[in-house]
Every structure is written in structure tokens, then in C-alpha cells.
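Whole structure, please, built from the sequences with the hints as guidance.
Chains A and B supply the protein sequences, listed in that same order. Heads up: the first sequence at position 83 corresponds to 72 in this note's numbering, and the numbers run straight through without jumps. Heads up: the second sequence at position 162 corresponds to 173 in this note's numbering, and the numbers run straight through without jumps.
Just so you know, these hints were derived from the structure itself, not from any lab. Don't take every hint at face value.
[To be verified] The list that follows gives simulated cross-link-like pairs (lysine-lysine, DSSO-like), each with its CA atoms no further than 27 Å apart: (1) B:LYS248 - A:LYS195; (2) B:LYS210 - A:LYS116; (3) B:LYS248 - A:LYS86; (4) B:LYS175 - A:LYS112; (5) B:LYS91 - A:LYS(-4); (6) A:LYS89 - B:LYS248; (7) A:LYS89 - B:LYS17; (8) B:LYS175 - A:LYS86; (9) A:LYS72 - B:LYS77; (10) B:LYS91 - A:LYS86; (11) A:LYS89 - B:LYS175; (12) A:LYS113 - B:LYS28; (13) B:LYS28 - A:LYS112; (14) B:LYS17 - A:LYS101; (15) B:LYS248 - A:LYS72; (16) B:LYS17 - A:LYS(-9); (17) A:LYS86 - B:LYS17; (18) B:LYS17 - A:LYS72; (19) B:LYS91 - A:LYS(-9); (20) A:LYS169 - B:LYS17; (21) B:LYS20 - A:LYS86; (22) B:LYS20 - A:LYS116; (23) B:LYS20 - A:LYS112; (24) A:LYS101 - B:LYS91; (25) A:LYS10 - B:LYS248; (26) A:LYS113 - B:LYS17; (27) B:LYS91 - A:LYS89; (28) B:LYS248 - A:LYS6; (29) A:LYS112 - B:LYS17; (30) A:LYS113 - B:LYS20; (31) B:LYS77 - A:LYS116; (32) B:LYS20 - A:LYS72; (33) B:LYS91 - A:LYS72; (34) B:LYS28 - B:LYS77; (35) A:LYS113 - B:LYS77; (36) B:LYS248 - A:LYS192; (37) A:LYS(-9) - B:LYS77; (38) B:LYS28 - A:LYS89; (39) A:LYS72 - B:LYS175.
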Amino acid sequence: MKTIQIKGVSKVYGHTKALDKVDITIESDRIYGLLGRNGAGKTTLLNLMTNRIFPTEGEILIDGETVFENDRVLGNIFYMTEKNLYPEDERVRNIYKWIKEFYPSFDVEYAKDLSERFGLDTKKRVKSLSTGYTSIFKAVAALASNADILLLDEPVLGLDANHRDMFYKELISNYSESPKTIIISTHLIEEVASVIEEAIIIKEGKLILKQSVEELLSGAYLVSGEASKVDKYIQGRKCIGIDAIGSFKSVTVLEAVNNKDEALAEELELEFGKAELQKLFISLTN
Amino acid sequence: MNNIYKVFKFQIHDFWKAVLIFYFIIILITSALTVTISVNAEKISFGGLEMATVIFLFIAGLNCFKSNFKFMLANNVSRKGFYIGNLIALVTVSAFMALADAILNVILDNVLVSNVPYESVVMQLYGNDSFFAGFLWCFALNTLAVCFGWFVTMLYYRCSSIMKIVVSFLPVLALTLFLYIDEISGGLAGRAVVDFLNKSMGFAYNNNVYIGALSIIIGSVVIALICFLPLRNAIAKD
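Here you go:
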């Protein structure tokens, strides 16, 4: 059990309040998506959770113990940052060896195998890696760390579509084999929607939602069909994400479907579909 | 405790190549000097190679922070763990180099250049050729140099661009202010400083090298303790 408790945490930079009294309890062994617009405070929150920066007020506990300057607690977390913190002149394979020193459960063989599968040359120095391969190197280190808590800040930054797909599959396979708490902070919401179990949405430094993706999506649905009929259907309903192409229209309706709705849709020859997480996110953060 | 050892191990790994290269160059220079002096058979003397170590360690101190601190943050090592581990590594390297210098002094003084005068810094300053005294004094000075380098680099790391300029001018300002005070006090300030140095370095007490070493150790401890202040709230920066 590695429960993370974020209690009344605020972080102020000069006149800017990056986080404002955030309270979240993160249960263990689940995959979370930390979502928010640019500057919402996602990276600040991850940095606070790993003692990289310090809260202006509040505290962060893991299994009841503070993370503040606590090597024992921090040793259970592996944080893949967007910024590269690894020595630029060191070779990738040497860094794997050093990570093993700090994370005794780090699986060097698995890291080498993953590197090979991603086409990462471990003989290369960090400074010679492209943006994409720097992300791959950091992602491999995170996956092989075997830490109880993985924090991934923009893990697929600069990765091509194939590598992104490989990464998500490997993440799920890794999680299935050895369940852990994973928090993914990303802007690519649709890509990560099928991976995350729970969404944590932050807006302007405040927590606005923490809910399972399933629950979140069950509270909305997509209705599509002939534009005039869709317009008739959505009258008086709370809608978001209206897409129209010619006479075809699709709209996300923010409510659960009931029998009456189904009957009306059938009468109007409209189709129902699953709501998209990204559309809900846009609606919630606008 | 575990992380302190790991930080120590990483820092030593970071140092050892530079130390090896340094001694390789020192041996090349001393060999060249020995041959030159022996061939020319002139009354030339040389000494004080330990000061090269002091300069090397000051520069090593300047370079021991930024990249390593970021790597420790990447591995979720606390600042306290990094501080203690790094400090132990710096003291260990200082001790190792002081020992290497003391051994080199014995070799240069007695074996290689027996026909040429060679004097270590401690011999030149205190007239003391004791192996232990030489080692202790050099160890103290090495530690002071490396800790000072570490402190300077952390101070610059924490400062904003404007503060970096201010910090850079502070020694010049302090010196100017001191010279002004010295002038208006009729040389009293200057004499006080010389008197303080004479006493603290042990020159006033029959050239006591141990008093000098103790004073430098106290200075090193003070700087080492101050080093934690800029590190305490340091964050990863580019």
C-alpha cells in the first residue's frame, strides 16, 4: 500500500499562485491521468510530491510519512521529468547502472531489452540523444525502476506515433505484471484515455475533479446524425463539443442516457456513441 | 545512511579520473624538472607542488555541484543526503591528495632529487619536515579549498543574474573598504589582520604547524556548514 495524501497544498511563486489548497488522496495500484491546461500546476504538483520543490503551505504524505527530505519515502517514487536531469556526458548504459545504485529493484536487463526494442543505443551519451530518444531513455528508466510509485511528466514528448503506441502497451504490460501507482501528466488526452483509470483535473492551481474515467464518461454521451434532428434532440440539454460537417452533426451531451432519450433518438434516427475524454476535459477546463 | 554512501560513491567516481590525470601531469612535470636540474647541475631549487593540488581542488569544488545535484534529484535523493555524501567525498579526496602529496614530497626530497634542494610548502613556511605535519596541514588546506569552491558554485547557482554580478563584485568592494579603513586607521586594520594571520597560522607560536592546521580546519568546518544554506532550498535549474 502506497497511498499518497496531498493535504491543503499551496505553492506560490512571487505573485503567482501555482497551486491553491489542493487536497487529493491517491490510492495505490491505479493509473491516474493528471490533466490540466498549460500552467495549470501539474508539474508543480509532481515536483512537490517528490521534494524537488517545497510547498508554501500544506503537506504531502505517503503512507502517513512526509516526503519532505525523507530518503526512505522518496526511494519508493520514480519521477520521470520533462527536463533532463541526467549527466549529459554519461553513457546511457552507465546511467542505468547508477540508477540501480539508487533503486535496488531497477532491472538493468529489462532496461537493456526495452532500449533495444525502442532502438535506443545505450552506448550513446545522453547529450547525443534526440528529443524523442531522450524521452525514450527516461521512460525506459522509469519502467525498469520497479518503484512503487511512477510519476510520468509528459512521457511521450517528441516520440513518434509508433513509439508512443509501444510505450503505452509496455506501460500496461508492466503495470499488469507488477501493479503500482502510476500518475501520467500529459496533454495528449485521447491517447492516454484508454490507459488511465482515474482522472485528476487541475484548473488554475485548483483541483476541479478526481473521478474514475469510467464514471466520468458514463455521465456523458455522443449523439450524431442529421444536423436539424440533432439540434431538435439537444434542445434544453447541456451540450459541449459540437462538430458539424455538411448536414452531419455530432454533439456531446452532458448527462446519462435514459430510456426516454433512447426512444427520442430512435424516432429522430440519431445514433449514440461514447463521449470523448478530451471533449469533457475541454468543457471542464474552459 | 544508505543514500549517503551512494552519493559518496558517485562523487568519488566523478573525481577519480580527474585526480589520476592531475597526478600524471604532476609526475611528468617533476620528472622533467628533475632531469633538467640533474643535467644542468645548477643551483636551482623547486618546491611547493602541494599548491597545485590546492588549486586543483578549488576547481574540483567548483565543478562538483550542478550536474551531480541534478542527478541526485533525478534519483530522489534528499538535499541532506546529497550534502553529507558530497562532504564526505570531498574530505576523502582532500585526505587522499594530501597523503599522495606527502608521499611525493618524501620521494622528491630524498630519492629523485637528492642532489637538488626540494622543499615542501610546510617546510618553506614552518621549517618543519615532519611527514605527519605536512600531511595534516595540506589536508586542512585541501579541504578548505574544495569546500570553498563548492560554496562559490552553489552561491552562483542560487543567485539570479543581477545577484551574480553583485556577488562577483563583493570581494572587490570588501577589499576597497578594507584598504580605506586601513588608511583612515593609520595602518591599524592591516596590522590587525597580519597579527591575526600570524597567530592563527601558528607563526607567532614558534612556527607551530599544528596551530596553523587547526585554524584551517576550523575555517573548513565553518565553510562546510555554510554550504548547507544555499543547498537547503535548491531546485533543479538549467
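Hints, one by one, checked against the model:
1. Note on LYS248 of chain B and LYS195 of chain A: the hinted pairing holds, with a Cα-Cα distance of about 26 Å set against a maximum of 27 Å.
2. With a C-alpha separation of about 51 Å, the suggested pair LYS210 of chain B and LYS116 of chain A falls outside the 27 Å cut-off, and the hint is violated.
3. Under the criterion of a C-alpha separation no larger than 27 Å, the hint pairing LYS248 of chain B with LYS86 of chain A is consistent with the structure, at around 24 Å.
4. A threshold of 27 Å between alpha carbons decides the hint, and for LYS175 of chain B with LYS112 of chain A the separation of about 38 Å lies outside it, so the pair is violated.
5. A hinted pair counts as satisfied when its Cα atoms are at most 27 Å apart, and LYS91 of chain B with LYS(-4) of chain A qualifies at roughly 24 Å.
6. For the hint pairing LYS89 of chain A with LYS248 of chain B, the CA-to-CA distance comes to about 24 Å; that is within 27 Å, so the pair holds.
7. Taking the CA atoms of LYS89 of chain A and LYS17 of chain B, the gap is about 10 Å. The hint holds against a cut of 27 Å.
8. As the CA atoms of LYS175 of chain B and LYS86 of chain A are separated by approximately 36 Å, the hinted pair breaks the 27 Å bound.
9. Annotation: proposed proximity of LYS72 of chain A to LYS77 of chain B holds, straight-line Cα distance about 14 Å (limit 27 Å).
10. Taking the CA atoms of LYS91 of chain B and LYS86 of chain A, the gap is near 23 Å; set against the 27 Å cutoff, the hint holds.
11. Distance restraint check for LYS89 of chain A and LYS175 of chain B: the Cα-Cα separation of roughly 37 Å exceeds the 27 Å cut-off, and the hinted pair is therefore not satisfied.
12. Our distance criterion of 27 Å between C-alpha atoms is met by LYS113 of chain A and LYS28 of chain B, whose separation comes to about 20 Å.
13. Proposed proximity of LYS28 of chain B and LYS112 of chain A is supported: the alpha carbons are some 19 Å apart, at most 27 Å.
14. A threshold of 27 Å between alpha carbons decides the hint, and for LYS17 of chain B with LYS101 of chain A the separation of about 22 Å falls inside it, so the pair holds.
15. Pair hint LYS248 of chain B plus LYS72 of chain A holds up; C-alpha atoms about 9 Å apart against a cutoff of 27 Å.
16. Pair hint LYS17 of chain B plus LYS(-9) of chain A holds up; C-alpha atoms about 24 Å apart against a cutoff of 27 Å.
17. Taken as a hint, the LYS86 of chain A and LYS17 of chain B pair is honoured in the structure, with Cα atoms around 12 Å apart against an allowance of 27 Å.
18. For a cut-off of 27 Å, the pair hint linking LYS17 of chain B to LYS72 of chain A stands: about 23 Å separates their Cα positions.
19. Taking the CA atoms of LYS91 of chain B and LYS(-9) of chain A, the gap is about 24 Å. The hint holds against a cut of 27 Å.
20. Restraint check for LYS169 of chain A and LYS17 of chain B: satisfied, since their Cα atoms lie roughly 25 Å apart, inside the 27 Å limit.
21. With a C-alpha separation of about 13 Å, the suggested pairing of LYS20 of chain B with LYS86 of chain A holds against the 27 Å cut-off.
22. Taking the CA atoms of LYS20 of chain B and LYS116 of chain A, the gap is near 23 Å; set against the 27 Å cutoff, the hint holds.
23. At roughly 22 Å between alpha-carbon atoms, LYS20 of chain B and LYS112 of chain A fall within 27 Å of each other, so this suggested pair holds.
24. Taking the CA atoms of LYS101 of chain A and LYS91 of chain B, the gap is about 32 Å. The hint is violated against a cut of 27 Å.
25. Between LYS10 of chain A and LYS248 of chain B, the direct Cα distance comes to roughly 26 Å. Compliance with the 27 Å bound is thereby established for this hinted pair.
26. In summary, the hint linking LYS113 of chain A to LYS17 of chain B is supported, as the alpha carbons are separated by about 24 Å, within the 27 Å threshold.
27. Restraint check: the Cα-Cα separation between LYS91 of chain B and LYS89 of chain A comes to about 21 Å, which is no more than 27 Å; the hinted pair holds.
28. For the suggested pair LYS248 of chain B and LYS6 of chain A, the alpha carbons sit about 20 Å apart, so the restraint of at most 27 Å is met.
29. For the given pair, LYS112 of chain A sits about 23 Å from LYS17 of chain B by alpha-carbon distance, which is consistent with the 27 Å threshold.
30. Distance check on the hinted pair: LYS113 of chain A and LYS20 of chain B sit about 23 Å apart at the alpha-carbon level, within 27 Å; holds.
31. For a cut-off of 27 Å, the pair hint linking LYS77 of chain B to LYS116 of chain A stands: about 16 Å separates their Cα positions.
32. The suggested pairing of LYS20 of chain B with LYS72 of chain A holds, with an alpha-carbon distance near 25 Å, which does not exceed 27 Å.
33. Restraint check: the Cα-Cα separation between LYS91 of chain B and LYS72 of chain A comes to about 23 Å, which is no more than 27 Å; the hinted pair holds.
34. Note on LYS28 of chain B and LYS77 of chain B: the hinted pairing holds, with a Cα-Cα distance of about 18 Å set against a maximum of 27 Å.
35. Distance hint between LYS113 of chain A and LYS77 of chain B is fulfilled; the C-alpha atoms sit about 22 Å from each other, no more than 27 Å.
36. Of the supplied pair hints, the one linking LYS248 of chain B and LYS192 of chain A holds, its CA atoms being roughly 25 Å apart against a limit of 27 Å.
37. A hinted pair counts as satisfied when its Cα atoms are at most 27 Å apart, and LYS(-9) of chain A with LYS77 of chain B does not qualify at roughly 31 Å.
38. At most 27 Å may separate the alpha-carbon atoms for a hinted pair to count; LYS28 of chain B and LYS89 of chain A meet this at roughly 22 Å.
39. With a C-alpha separation of about 24 Å, the suggested pairing of LYS72 of chain A with LYS175 of chain B holds against the 27 Å cut-off.
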